[in-house]
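Chains as they are written, first to last, in this note's numbering: chain A, 1 to 204; chain B, 205 to 448.
Read the hints as simulated data drawn from the structure, not as lab findings.
It is possible that some hints are incorrect.
To be verified - Computed spacing ranges between beta-carbons, pair by pair: (1) G63/A with P227/B: 16 to 24 Å; (2) S40/A with P245/B: 26 to 34 Å; (3) D417/B with E110/A: 23 to 31 Å; (4) R112/A with R403/B: 35 to 43 Å; (5) A91/A with R428/B: 50 to 58 Å.
Where is the CB? At the ideal position from N, CA and C, for every residue including glycine.
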Amino acid sequence: MTDDDTRHESPSQTAGPYVHIGCLPNWSGIAGVYAEDPGSRLINADTRGERVSVAGRIFDGDGAPVLDAVIEVWQADAAGLYPSPVETRGAADPNFAGWGRIATAFDSGEFRLDTIRPGRVPYPDGRPQAPHINCWIVARGINVGLQTRVYFADEADANAEDPVLSSIKPRARLDTLLAQPDGEGGFRFDIYLQGERETVFFDI
Amino acid sequence: MSSDQSSGYLPRDRAWQPPALAPDYKSSRLRSPRQPLLILPTTLSEESGPVFGHDVIGPHDDDLIHNCAADGRSALGPRILVHGHLRDQSGRAVPNALIEVWQANAAGRYRHPNETYIAPLDPNFGGCGRCLTDGDGYYRFLSIQPAPYPWPNGPNSWRPAHIHFSLFGEAFAQRLITQMYFEGDPLIPLCPIVNAIPREDAIDTLIARLDMDAALPMDMLAWRFDLTLRGRAQTYFENRPEGL
């Protein structure tokens with residue numbers, strides 16, 4: 001406890017190499033406990049918006065792909081509304097989950113997220129943020145989940161006025177948050193935990 | 205500022221949380237960002253978060269003793285009840301929060317494709333479970349006491365017995381994964397993952413206490429483990445915890 005009665009947050013600990021047991025049990029071979037893995041479907045046939053996929057890998061400081069990570073995503077619907085009680089600007093698409101959970105493949109490290117392109121969400125001062133997907137990355141060796149964002153490289157105008165992207169210095173690091181078009185509806189987003197191309201991670 | 209929402213969430217206390225790089229925990233060496241984190245106030249993107257209803261929770265999800273067992277069977281090991289209170293930094297209870305847990309079995313073995321420890325699997329134990337906190341922020345689940353196990357960090361590294369916890373609050377900013385340890389385990393002070401946390405009093409908050417008042421006589425012991433999620437920043441005129 002500190003002076004103003006504010007308590008400490010519980011300390012984080014690594015999710016460890018077996019995070020899949022608790023977070024994606026069916027994916028890791030434990031069948032019959034949960035009907036389906038949490039966060040396995042963001043969209044269905046009736047979800048409004050442009051279908052996009054985001055695929056990539058996570059690389060460690062040696063350039064090796066991370067084979068045991070779990071990524072959680074949280075994003076607005078196509079109209080820029082979050083499916084959350086905190087959302088006061090309108091009702092989000094009932095066919096959009098907003099939250100998803102994916103693992104990097106045990107053999108290749110590849111992950112793939114099937115979703116829709118999010119709309120724009122206001123910054124606290126009212127300025128529109130560029131479309132983005134919030135990411136939270138956990139794995140063995142990561143003591144506190146890493147926060148980053150996926151932005152879309154083909155949203156040049158929106159990205160140019162985004163308050164979060166604008167705060168990145170040096171500007172060259174901004175590119176680490178841009179998913180690059182890679183075929184029809186597909187985007188590539190590789191994440192670098194260390195090194196010259198280290199991804200921008202947030203304390204937000 | 206006129207509301208809790210517009211004042212956002214308190215920043216993480218990075219002197220209380222473990223640093224990204226904890227060299228004695230070898231896996232952190234190549235997986236720790238070296239650039240400073242970009243510090244920003246929370247936006248609606250972080251102040252909102254997914255909601256999980258009772259419809260996603262199955263009737264046996266909070267019973268790891270039985271949720272992966274054959275009919276009429278149960279997992280091997282000392283039966284335990286784990287319970288506690290989930291609050292935020294201002295002391296407010298966090299109701300209807302999803303808590304996911306996973307753990308090794310009573311021999312220290314995980315049911316996982318990458319697990320190589322020689323200890324046996326228990327055919328009646330999966331090691332995963334989940335529950336929601338009730339309207340007052342309390343949770344409970346049943347399990348078996350996990351065992352310590354060796355891991356390839358140093359030449360003779362052993363994890364203290366632990367249960368992994370994944371916690372959702374109301375906001376994505378509150379997302380947290382941590383581990384619960386058991387009071388009296390002599391391996392706790394030897395563990396480099398535990399010791400990644402810089403402060404002794406912070407480590408102490410992750411150690412569950414034996415709770416004889418909650419034990420079920422002739423059935424199972426109970427462990428009490430309270431947790432705290434990030435709280436909202438409050439302005440000068442609003443610094444009274446809600447509910448008082």
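To see whether the hints hold, each was checked on the structure:
1. G63/A with P227/B: 16 to 24 Å: 20 Å, holds
2. S40/A with P245/B: 26 to 34 Å: Between S40/A and P245/B, where Cβ atoms are some 32 Å apart, the hint holds.
3. D417/B with E110/A: 23 to 31 Å: 50 Å, violated
4. R112/A with R403/B: 35 to 43 Å: Holds - the Cβ-Cβ distance for R112/A and R403/B, about 40 Å, lies within 35 to 43 Å.
5. A91/A with R428/B: 50 to 58 Å: Between A91/A and R428/B, where Cβ atoms are some 40 Å apart, the hint is violated.
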